[in-house]
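Chains as they are written, first to last, in the working numbering: chain A, 147 to 711; chain B, 147 to 711.
Be aware that a few hints might be false.
Cut-off 25 Å, straight-line C-alpha distance, at most; resulting in silico cross-link-like pairs (PhoX-like, lysine-lysine) [claimed, not checked]:
id, chain 1, residue 1, chain 2, residue 2
1, B, Lys578, A, Lys603
2, B, Lys249, A, Lys230
3, A, Lys249, B, Lys230
4, A, Lys527, B, Lys603
5, A, Lys691, B, Lys603
6, A, Lys697, B, Lys697
7, B, Lys502, A, Lys502
8, A, Lys603, B, Lys502
None of these hints come from the bench; they were simulated from the model.
2 protein chains.
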Amino acid sequence: MGNVLEIVPLGGIGEFGMNCMAVRYGDEMLILDAGMGFPEETAYGVDVSIPNFSFLEEYRQDITAIILTHAHEDHLGALPYILKRFNVPVYCSHFTAGLAESKLEEHDLLGDVLLHRVEPRDVVELGCFGIEFIRVSHSLVDCFSLAIRTPVGTIIHTGDYKVDETPVIGEPIDLRSFRRYGQDGVLALLSDSTNATVPGRTPSERAVIPAFEEIFAEATGRIIVAAFASSIHRLQIVLDVAQQFNRRVCVLGRSMQKNVEVADRLGYLDIPDGLLISLPQAKMLSDDEIVFLVTGSQGEARAALSQMATQSYKGLMIDEGDTVVLSARIIPGNERLISRMIGNIYKRGANIIEEKRRLVHVSGHASQEDIRIMTEAVRPKFVVPIHGEYRMLFRHKEFVKNHLGYAEENIILIESGDVLELDGERAAVIDKREIGRTFIDESGFEEIDSDTVRERKQLAYEGAITIVVTINTTTGELLAEPNLVSRGVRGLSSNGIARSLDDDNDNVNLFHAARDVVVAALTGASKQTLADDSLLKEHLRVELKRFIQKKTGARPVITPVIVRV
Amino acid sequence: MGNVLEIVPLGGIGEFGMNCMAVRYGDEMLILDAGMGFPEETAYGVDVSIPNFSFLEEYRQDITAIILTHAHEDHLGALPYILKRFNVPVYCSHFTAGLAESKLEEHDLLGDVLLHRVEPRDVVELGCFGIEFIRVSHSLVDCFSLAIRTPVGTIIHTGDYKVDETPVIGEPIDLRSFRRYGQDGVLALLSDSTNATVPGRTPSERAVIPAFEEIFAEATGRIIVAAFASSIHRLQIVLDVAQQFNRRVCVLGRSMQKNVEVADRLGYLDIPDGLLISLPQAKMLSDDEIVFLVTGSQGEARAALSQMATQSYKGLMIDEGDTVVLSARIIPGNERLISRMIGNIYKRGANIIEEKRRLVHVSGHASQEDIRIMTEAVRPKFVVPIHGEYRMLFRHKEFVKNHLGYAEENIILIESGDVLELDGERAAVIDKREIGRTFIDESGFEEIDSDTVRERKQLAYEGAITIVVTINTTTGELLAEPNLVSRGVRGLSSNGIARSLDDDNDNVNLFHAARDVVVAALTGASKQTLADDSLLKEHLRVELKRFIQKKTGARPVITPVIVRV
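Starting from the given sequences, assemble the full structure and let the hints guide the process.
Structural data, given as structure tokens:
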């Protein structure tokens with residue numbers, strides 16, 4: 147151990163989402179961010195994923211605090227789950243605290259958690275660590291980078307950021323503070339890689355204003371703007387342009403309403419009196435007097451926009467003459483959903499403005515020239531790319547090496563689970579921990595363990611057959627006809643009645659034949675097998691599996707049940 | 147009926163893939179293309195989809211032929227399945243026939259099918275229809291548009307095309323023939339919409355040559371080019387540039403080897419003697435003497451490229467110094483897979499050239515200015531956008547309306563299942579048929595009916611519980627403890643042994659409690675219920691469902707089994 151600092155990402159490095167990192171020196175540990183991820187396992191009743199916090203159990207006594215950089219779900223979404231296991235104080239900005247509180251309330255945790263609100267340039271001393279909160283720009287407000295003074299040197303964790311000198315709300319990124327640290331010497335810069343493949347500078351949040359002004363000037367009917375609920379700068383722009391063009395704004399969708407409420411209450415949004423109206427009020431106005439600000443830019447079936455495009459959302463449907471603005475990027479994996487939604491909107495006769503056709507969205511993440519500005523301000527000994535798939539981390543490294551003159555050995559590529567050790571001189575990955583992730587069913591905030599998901603995958607892939615065999619305990623004699631129940635098995639309906647695949651009732655025959663196979667297997671079984679439930683189950687499973695596979699090519703999950711009477 | 151032509155797309159319009167269309171006049175029907183689709187249901191053991199050809203049953207006597215425009219899977223892949231139901235003659239180009247034969251052979255249909263090979267400008271007379279095959283350019287060779295003379299006028303079906311005056315292989319698109327039809331008068335142009343959202347012209351297949359020459363000039367190690375196996379022009383370019391830079395070519399991946407073999411045998415590829423080498427030969431060469439031409443540009447786990455990036459593919463692994471060229475577009479839905487594969491390739495230390503960084507891929511589809519050239523050559527009365535999601539069809543319409551001066555009523559937007567009627571003067575959708583699709587498990591070319599997929603979805607979403615109750619037939623008395631089997635149910639392992647969710651064996655208790663619920667439900671059941679299997683099953687299902695949902699929030703599929711002894 148000795149005098150070393152350990153950095154262990156629990157998620158978010160080499161994968162998109164689930165940003166969470168442990169920073170440890172001796173017996174003190176900080177947790178930076180607690181984000182959720184967006185797994186591909188949604189077909190299996192899973193909504194989101196979180197890091198598997200079991201890894202932290204052995205450090206239970208060491209964890210002193212959770213520090214949040216900002217309020218995006220991939221940095222904040224796992225907060226209730228980690229707090230349920232490790233109830234430590236949380237430090238974050240006012241806006242982040244506002245959304246964190248709303249989340250904790252849903253989990254009925256609000257009264258039990260200590261939430262510290264900090265200001266930019268505040269320094270919080272936690273044991274051997276001193277954490278300064280540095281203001282950065284991003285697509286939402288009140289975001290921080292963290293400058294963490296440790297016994298081996300200063301670490302800067304950028305959080306998510308871009309270099310925006312003209313944000314819509316609040317002050318620009320505090321480059322002066324980064325430069326101050328740079329002058330004093332920074333050991334490592336843990337730096338956002340999300341846009342590391344993108345050349346040039348990321349445009350300011352203000353860059354979308356002209357496109358919105360044009361769209362509002364042209365539109366004669368209703369305007370519907372879909373954006374991420376957390377993109378507070380964007381929401382302010384829509385409010386401003388609506389005011390300018392004498393339109394009222396009606397906010398729809400649960401998360402959009404929540405974020406507008408929190409941002410308004412905390413004074414981040416500037417909303418003129420009477421600008422916001424309710425849906426019933428909106429329905430009274432004529433088409434050219436209204437803007438709907440809605441959720442659903444990713445084509446989510448249950449969100450406001452999709453429902454307005456296909457069926458009614460609270461009595462509201464997209465119609466001829468409407469202008470729909472998709473003011474958001476496409477999150478990878480959502481392409482098909484979004485394309486289908488756009489088709490549905492066109493079918494309703496509305497006009498659609500997408501990012502590709504007009505500048506109605508800018509990223510909140512640092513492009514290569516932003517990365518240059520940050521890295522040159524901080525001038526760290528080591529650059530550690532964080533936040534992103536390996537592809538982005540690698541391109542981040544490539545950029546820093548080829549364009550900022552860093553030596554290969556001073557750019558450290560790590561992934562979730564890697565234990566990065568820093569002693570002030572050297573940086574090396576000394577261990578790889580299996581951390582994994584936990585699936586969450588958001589309807590009840592319930593964890594779904596990976597065994598359950600694995601079983602669901604098996605069922606989904608080829609269906610299941612349960613075979614029930616009832617035998618006399620003493621004689622081993624079959625007491626009733628074996629009972630087969632099949633679900634999702636190709637060519638076998640659940641009740642043994644033939645489906646429409648063939649006309650000659652092949653499937654009924656197949657069911658009967660399968661029963662015969664089971665009877666034959668029982669008849670042929672040894673006394674020893676008949677006496678032992680596990681042996682008998684395996685025997686029946688193997689025989690039936692072989693038969694089904696031979697007859698249909700299918701390999702369903704086969705579960706024998708032995709009833710002894 | 148009278149003197150009208152009916153056009154019924156069975157797939158491919160308003161959706162990507164499954165291109166197939168019926169054209170009917172009186173009691174004569176042609177089928178244009180028989181393509182497969184790429185469904186999202188892959189988690190449920192489904193590989194591809196095809197149109198549900200049941201719709202055609204009522205026209206069984208009328209179908210005179212299947213005409214194929216080209217050999218892409220989304221135009222050809224359903225051919226074996228439609229031929230199994232309707233064994234009619236097939237008309238297509240030599241190259242399309244080459245790939246069709248290989249497909250029919252896999253399905254053991256080769257001896258039973260009549261395959262007619264046609265040349266560009268051939269005219270085939272089939273009853274009241276006369277079909278001329280017009281050469282078009284696309285990403286593969288020997289592609290046709292179809293000019294179909296019908297009693298109500300001439301219909302032109304573009305197939306997939308772009309306007310390429312300098313293809314790598316063969317002659318340019320035959321615009322002269324299109325213009326000839328334009329002068330004689332064309333009733334309707336059914337026109338490819340895949341790239342209708344893309345401004346400008348689609349570059350020629352030759353446009354990628356400079357990038358390949360640069361890459362080959364720079365590379366000092368092995369070069370690995372991943373492309374669609376069907377992109378024959380691209381394959382020729384790789385072969386040519388390899389020859390130019392004194393590298394041999396090793397072709398890997400089943401479909402790549404098949405397509406190279408067919409294209410070579412039919413004389414479409416120009417392969418110098420000794421250029422192609424086997425894998426064992428390739429392994430003997432030094433790194434700068436070899437190019438691997440491989441499948442797997444979409445990140446498919448079982449394809450050559452992915453395997454070379456993660457594990458060994460026939461003893462071959464990507465390594466430091468290798469240059470990997472992804473010479474293909476990203477098919478929507480594959481973004482995550484591809485990004486992960488790119489990460490894995492970077493991890494192996496190789497360099498990657500993607501489409502975004504250099505011009506190593508061009509589309510095979512008509513962009514807006516290609517659409518202009520085609521439409522102005524043909525000058526049809528009606529434009530009917532085909533091939534693409536509704537979004538593309540709509541943008542195609544927008545372009546034709548706003549930039550080519552067509553009136554709204556002369557651009558007909560249809561979708562799969564629509565019955566479009568043309569009488570020479572008017573064009574109108576007169577009916578909408580429910581056609582649907584059939585899922586295919588490619589491992590055995592087996593159809594999977596939609597009921598099976600629906601059951602699999604239910605199982606996948608919340609798992610399944612089977613409850614077995616054994617009762618005395620005469621007394622109704624319970625003869626053994628109820629038996630519960632659970633798979634994929636949150637908090638309930640398959641064997642009733644608690645998982646690691648809690649330390650206090652809550653789940654074992656839950657299993658016991660569920661049994662108690664079943665016993666209580668049996669005790670409380672009326673004589674009538676006990677005597678009737680369906681009533682009793684429903685009673686048990688409802689009681690257990692209520693209990694499980696209350697205790698765990700889960701709603702698994704519950705199947706009661708009653709055994710009477």
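Does Lys230(B) lie within 25 Å of Lys249(A) when you go C-alpha to C-alpha? Distance ~57 Å between Lys249(A) and Lys230(B) Cα, so the pair is violated.
Hinted pair Lys578(B) and Lys603(A), Cα distance within 25 Å: Given that 25 Å is the threshold and the Cα spacing comes to 36 Å, the pair is violated.
Restraint status (C-alpha distance of Lys691(A) to Lys603(B) at most 25 Å): The hint holds at about 22 Å.
Does the alpha-carbon distance linking Lys502(B) and Lys502(A) stay inside the 25 Å limit? Answer holds: Lys502(B) to Lys502(A) is near 15 Å, not above 25 Å.
Just to be careful, I want the Cα atoms of Lys249(B) and Lys230(A) compared with a cutoff of 25 Å; is the pair within it? violated (57 Å)
Hint consistency between Lys527(A) and Lys603(B) [alpha-carbon to alpha-carbon, up to 25 Å]: violated (52 Å)
Do the alpha carbons of Lys603(A) and Lys502(B) lie within 25 Å of each other, as the hint requires? violated (35 Å)
Does Lys697(A) pair with Lys697(B) here, judged by a C-alpha cut-off of 25 Å? With a Cα-Cα distance of about 40 Å, the restraint between Lys697(A) and Lys697(B) is violated, given a limit of 25 Å.
Against the hints set out earlier in the document, violations occur for numbers 1, 2, 3, 4, 6, 8.
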